[in-house]
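Keeping their order, the protein sequence lines are chains A and B. According to the working numbering, the residues represented by the first sequence are 219 to 332, in order. According to the working numbering, the residues represented by the second sequence are 23 to 592, in order.
Hints are computed from structural coordinates only; laboratory data are not their basis. Treat each hint with caution, since some may be false.
[Said to hold, decoys possible] Heads up, simulated DSSO-like pairs for lysine-lysine below, C-alpha to C-alpha not over 30 angstroms straight-line:
| hint | chain 1 | residue 1 | chain 2 | residue 2 |
| --- | --- | --- | --- | --- |
| 1 | B | Lys419 | A | Lys325 |
| 2 | B | Lys131 | A | Lys308 |
| 3 | A | Lys267 | A | Lys252 |
| 4 | A | Lys267 | B | Lys143 |
| 5 | B | Lys193 | B | Lys131 |
| 6 | B | Lys81 | B | Lys131 |
| 7 | B | Lys131 | A | Lys269 |
| 8 | B | Lys143 | A | Lys318 |
| 9 | A | Lys252 | B | Lys143 |
| 10 | A | Lys226 | B | Lys143 |
| 11 | B | Lys143 | A | Lys269 |
| 12 | B | Lys143 | A | Lys324 |
| 13 | A | Lys331 | B | Lys143 |
| 14 | A | Lys252 | A | Lys226 |
| 15 | B | Lys402 | B | Lys349 |
| 16 | B | Lys349 | B | Lys419 |
| 17 | A | Lys308 | B | Lys143 |
| 18 | B | Lys143 | B | Lys39 |
| 19 | A | Lys261 | B | Lys143 |
[Stated by the list, open to error] These stretches of chain A come out as covered by chain B in the derived footprint (C-beta under 8 angstroms, 3 or more residues):
| hint | stretch |
| --- | --- |
| 20 | 228-240 |
| 21 | 244-255 |
| 22 | 273-281 |
| 23 | 285-293 |
Please read these numbers as outputs of a predicted model, since none were measured by experiment. All residues carry an ideal CB built from backbone N, CA and C; glycine is no exception.
Each chain, letter by letter, is given below.
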Amino acid sequence: MLTVDAMKAFGADTETALTRCAGSEALYLRLVGKVPDSEDFDKLEAAVKAKDYDAAFNLAHGLKGILLNLSITPIADPVSEMTELLRSRKDMDYSPYIQKMQAERKKLTELCKS
Amino acid sequence: MQAAMQQTGPILYQDMKRAILVVDDEDINRELLGAILDSDGCYNVLYAADGIEAMALIKEHYQSISAVLLDLLMPNMDGFEVIQAIKVDENYRRIPIIVLTSERQAEVKSLEMGAADFIPKPYDVPAVILARVKRTIELSEDRTVIQAMERDSLTGLLAKEFFFEYSTVTKHFYKNKDMDAVVLNIDHFHLINEIYGRETGDQVLQTIAKTIYQFVRDNEGTAARGEGDTFLLYIKRQSDYEPLLNLISNDLADLSDQIHAHVRMGVYQKTSGDSDIAAIFDRANRACNTIRGNFQQSIAYYDQELQKDAIFAERLIHDIHDGIEEKQFKVYYQPKYDIQSEVPVLKSAEALVRWQHPEFGMIPPGSFISLFEENGLIQKVDHFVWRQVAEHMRDWKAKYSKVVPISVNMSRIDVFDPGLESKLMGLMTEFGLSPTDFHLEITESAYSENSDQIISLIAKLRSDGFIVEMDDFGAGYSSLNMLTSMPIDVLKMDMTFVRNMHKDEKQLKMIEMIMEIADFLSVPVVAEGVEDEEQYEFLKKVGCDLIQGYYFSKPVPEEEFEQLLREMNQ
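Next up, chain A with everything else stripped away, as it sits in the complex:
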């Protein structure tokens, strides 16, 4: 079962996130539990590969919002960097960011299942 301590160990800023969840651990953990299931990670990866940067920016921007609101820093970092690059529709190789994002997402999925 996912715990606040596990999230902390994962690298999330749980203190800030809990404040934002009006102090409710249950709400925090429930919302965090929804994150790995989001289809937007895979959609972002596909959009970047297809060089559909408009769609990619919107997806990255949306994910960034959620990840920062829940202070899931390890995933938020690569997504935030990507968002800034995609804002100017920069044509480049995004795979390092995508790999980092998917790797951290996988870790979070494991944490949620454990």
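Start from chain A and add chain B according to the hints.
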């Protein structure tokens, strides 16, 4: 991601909670914000996942939604489109929008489009978000209340209080601009209401308001509706106000060719030297009052003459306290004679006040009575006179075996004073007098203002033994019906009947009618203002009981009146 609606049906103030619509395409963000808002316990939260869902909810609940928290980047219909749709709609416009965004540029753009505030992403600590939401709703609700109150509901013009506020601000920012204050009203407007009905009266007011509104818009000004049929304009200096009058006349003629409303205007020009907006409009109003009932003149300007009058009035108001303390006010007595006996006999007298001002000399009552009636200071003068009269009567009674009763005037404000009866009885006790020594003159118009209260008061005073005279009878609007229920002892015919009796037959008939009314009520009649033999003979012939006027005697100082008492006792 489908957003679920948490509430259905009427939302506003359900369990005293305000309704808030959260619009975000990310369900995690919606839920997070919902949890923050819930934690406050003051809100019912509605959710929408995009602009289209949001607009559907707004359409259904616009009357009850207190605020919209709006994400900008959304599929289908984005936040900017939602702001646009809300702001162009008459019904939705008042709903404040708080934008949820992480983009600086977007903040500026949304504020420019009419958003009330923004909440940055990632979200701030809940306390900050809640405070911003609360503040936004408060401001919006205050504004709604203000908007409801700032305008007169009938005419759509500003309400007077707001008009004064706006004009003060205008004045502050346009110090060098020459502005005019104009007061406009309609002569005998109540007659239009009475003759044509209230609905027509309202149409007249609306028509005038519409014309004025157009006029002030064209002349860099603002306008308000004051009390009843009064309008106030604060506009750029005009050389001539005839054009405005003509516009109003034409529009009223279009409304109906039956109604002839005489509009009059008081204008105070070049107001830039004055700071107090209420005082500026007082002046315009004073100018306007100078042509009340004068159908030849429609526009009056506040000029040096009026300014002199106003300064004089201010002086009198300032000096009244010393005047009373230093006994500058003098009581004069005008005798009343019984003319139905063989030879006229001194029967009583009316106490009248004069002001021996140290600087202005003798001031006649006409110069200060109506002024002091307006501001209630007349009560001080009345009380002074009553006390002086009581003092004189005590002295006369000590010297002479026969003394006549003296009548004193009661102003409207005295009549409504709940302590009146005890004040008068206190005077009687203090000076060893009987209430029958004091006649109380109450003007007819006071009777019609609040007849029930007056009737019970007069009944009480009469049961104490006071004699009550109805003053200026015939000048007011007493109905015959009211007269029969009115407990009075004497009718004093209004002076104008006697003064105009030479003019035509009708006036003589009026006097005869008054005599008949008095006969029907079984009360004696006093005629005032009798100046010559002819008037005297006629009044005697038609059965008038008592006469007061220059024909017998002008008002005289106490010593002279005492001389008459002395002669009567010899």
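Check the structure against each numbered hint from earlier and tell me which ones fail, lowest number first. Failing hints, ascending: 1 and 5.
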